[in-house]
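2 protein chains.
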Amino acid sequence: MDTPVPLAAFEALCAAIQWNEQGWVCAVTQDADSGEMLMQAWMDREALRKTLETGKVHYYSRSRKKLWFKGETSGHVQELRELRIDCDGDTLLVRVKQRGAACHEGYFSCFYRRLGAKGLETDRERLIDPNAVYRTS
Amino acid sequence: MDTPVPLAAFEALCAAIQWNEQGWVCAVTQDADSGEMLMQAWMDREALRKTLETGKVHYYSRSRKKLWFKGETSGHVQELRELRIDCDGDTLLVRVKQRGAACHEGYFSCFYRRLGAKGLETDRERLIDPNAVYRTS
Numbered sequence: 001m002d003t004p005v006p007l008a009a010f011e012a013l014c015a016a017i018q019w020n021e022q023g024w025v026c027a028v029t030q031d032a033d034s035g036e037m038l039m040q041a042w043m044d045r046e047a048l049r050k051t052l053e054t055g056k057v058h059y060y061s062r063s064r065k066k067l068w069f070k071g072e073t074s075g076h077v078q079e080l081r082e083l084r085i086d087c088d089g090d091t092l093l094v095r096v097k098q099r100g101a102a103c104h105e106g107y108f109s110c111f112y113r114r115l116g117a118k119g120l121e122t123d124r125e126r127l128i129d130p131n132a133v134y135r136t137s
Numbered sequence: 001m002d003t004p005v006p007l008a009a010f011e012a013l014c015a016a017i018q019w020n021e022q023g024w025v026c027a028v029t030q031d032a033d034s035g036e037m038l039m040q041a042w043m044d045r046e047a048l049r050k051t052l053e054t055g056k057v058h059y060y061s062r063s064r065k066k067l068w069f070k071g072e073t074s075g076h077v078q079e080l081r082e083l084r085i086d087c088d089g090d091t092l093l094v095r096v097k098q099r100g101a102a103c104h105e106g107y108f109s110c111f112y113r114r115l116g117a118k119g120l121e122t123d124r125e126r127l128i129d130p131n132a133v134y135r136t137s
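Respectively, the protein sequence lines represent chains A and B. With my numbering, the residue at position 55 of the first sequence is 55, and numbering never jumps. With my numbering, the residue at position 62 of the second sequence is 62, and numbering never jumps.
FYI, nobody ran anything at the bench for these hints, they're computed from the structure. There are no misleading hints in this set.
Straight-line alpha carbon distances no greater than 30 angstroms define the calculated DSSO-like cross-link-like pairs of lysine-lysine that follow:
(1) B:K56 x B:K66
(2) A:K97 x B:K97
(3) B:K97 x A:K118
Construct the complete structure from the given sequences, taking the supplied hints into account.
Structure (structure tokens):
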């Protein structure tokens with residue numbers, strides 16, 4: 001989609017969102033080309049604004065308690081293609097072009113395990129070695 | 001997928017889930033045939049058990065504070081095709097065959113609005129009239 005999004009559109013979206021008590025909204029992210037579900041995370045108003053301003057997806061990191069530019073370390077950025085909102089306004093569907101791997105474990109999608117008759121099984125291939133990407137400096 | 005799922009597989013899944021403080025896990029639901037994202041909701045252990053026992057998706061209703069058999073009123077049930085879990089165990093990807101409309105507003109998906117340059121716009125067709133389905137008795 002064209003970014004930056006006009007301010008009035010951003011404000012209309014924010015008004016439609018049912019932010020939770022922490023001021024976050026649930027974000028589910030899908031690869032726009034393949035339809036594969038990539039991840040679930042959270043956005044606060046700042047993360048949403050940065051996403052719509054830059055065209056690169058930003059989240060709110062609950063563990064680090066700050067803005068999280070997805071792919072900043074790994075280079076595996078998510079380019080925003082489309083943003084959708086659900087009926088009750090508490091979830092955003094973020095459709096993206098995923099560069100590299102969405103998962104910090106090195107898989108294209110964070111959902112690389114399925115439930116089988118014997119429990120969880122990994123049925124996806126690792127694209128990259130996470131140790132090679134997330135070096136401790 | 002084959003249901004009911006063996007008890008050991010259910011227990012392995014439950015052990016991998018990072019339940020939140022309320023005892024819920026985030027569930028994002030996708031139509032398995034089209035790849036279209038349908039909805040986001042929550043499951044507690046009971047909802048997950050009923051889903052894996054019956055092959056029909058159940059959630060935990062936060063508003064009604066009880067087990068929610070999706071489609072019980074409308075007939076628009078979700079038949080479980082595949083269940084996946086993300087890397088940190090706090091989100092389930094529920095892949096289903098959606099019967100009828102997933103959204104109580106009558107749309108196939110709850111994500112029937114997209115962000116455009118002028119704000120939110122509905123770019124999906126209503127499949128059914130919600131007033132005809134959810135009659136007050």
